[in-house]
Amino acid sequence: MLTNEAYKPINCDDYDNLELACQNSWMLQLELKNGEKLRAKATDMVSRKNVEYLAIDLSGEVRELRLDHIASFTHPEIGTVVVVSESD
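Residues in the sequence shown are numbered consecutively from 5, following this note's numbering.
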């Protein structure tokens, strides 16, 4: 996906669930809007130049995912969350 596209903030409840995942270092099943599927540990929420990211640990590699590029995430404590943009 293009990284220079306008950022669309995600729903507050979805953001809160991602924050909870980071606080508990949960291992998440993530599906991105480009179809990529990942299993990674949520580590931090990062905001840079008005764009929000989920920092993940993917087998020792740190990666940041734009929140508006995440289609869904899953963990046993919260089930599957389908990410919704604020404008949707």
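In short, the hints are calculated from the structure, not lab data. Just so you know, these numbers come straight off a predicted model, no measurement behind them. Just so it is clear, CB atoms sit at the ideal spot from N, CA and C, and this is done for glycine as well. One should not assume that every hint holds.
What the hints assert, rightly or not - Ranges of calculated distance between the beta carbons of each label pair, as one might list FRET restraints:
(1) E81 / N8: 11 to 21 Å
(2) K53 / E81: 11 to 21 Å
(3) I82 / N8: 25 to 35 Å
(4) E9 / D48: 21 to 31 Å
(5) E68 / G39: 24 to 34 Å
(6) N28 / R67: 14 to 24 Å
(7) S89 / E68: 26 to 36 Å
(8) V86 / M31: 10 to 20 Å
(9) A10 / P80: 15 to 25 Å
(10) L42 / K12: 16 to 26 Å
Unchecked claim - With a straight-line cut-off of 30 Å between C-alpha atoms, the simulated DSS-like cross-links for lysine-lysine are:
(11) K53 / K41
(12) K12 / K45
(13) K53 / K37
(14) K12 / K37
(15) K12 / K53
(16) K41 / K12
Structure-based check of all given hints:
Separation of E81 from N8 is about 35 Å and departs from the stated range, judged on CB atoms against 11 to 21 Å. About 31 Å separates the C-beta atoms of K53 and E81, a value inconsistent with the hinted range of 11 to 21 Å. In this structure the supplied range 25 to 35 Å holds for I82 paired with N8, their Cβ-Cβ distance being about 31 Å. About 23 Å separates the C-beta atoms of E9 and D48, a value consistent with the hinted range of 21 to 31 Å.
About 19 Å separates the C-beta atoms of E68 and G39, a value inconsistent with the hinted range of 24 to 34 Å. The supplied range of 14 to 24 Å is met by N28 and R67, whose beta-carbon atoms lie about 19 Å from each other. The hinted window of 26 to 36 Å between S89 and E68 is violated, with their beta carbons roughly 18 Å apart. The hinted range of 10 to 20 Å is satisfied by V86 and M31, whose Cβ atoms lie roughly 19 Å apart.
The supplied range of 15 to 25 Å is broken by A10 and P80, whose beta-carbon atoms lie about 34 Å from each other. Our hint of 16 to 26 Å for L42 and K12 holds, since their Cβ atoms are close to 21 Å apart. Between the alpha carbons of K53 and K41 the distance comes to roughly 26 Å, so the proposed pair stays at or under 30 Å and holds. Between K12 and K45 the alpha-carbon distance is near 24 Å, which keeps this suggested pair within the 30 Å criterion.
Proximity of K53 to K37 is assessed by CA-CA distance (about 22 Å); at most 30 Å being required, the pair is judged to hold. Between K12 and K37 the alpha-carbon distance is near 13 Å, which keeps this suggested pair within the 30 Å criterion. The hinted pair formed by K12 and K53 meets the criterion: a straight-line CA distance of about 13 Å does not exceed 30 Å. Straight-line distance between C-alpha atoms of K41 and K12 comes to about 21 Å, which keeps the hinted pair within the 30 Å bound.
Violated hints, listed in ascending order, are 1, 2, 5, 7, 9; each of the other numbered hints is respected by the structure.
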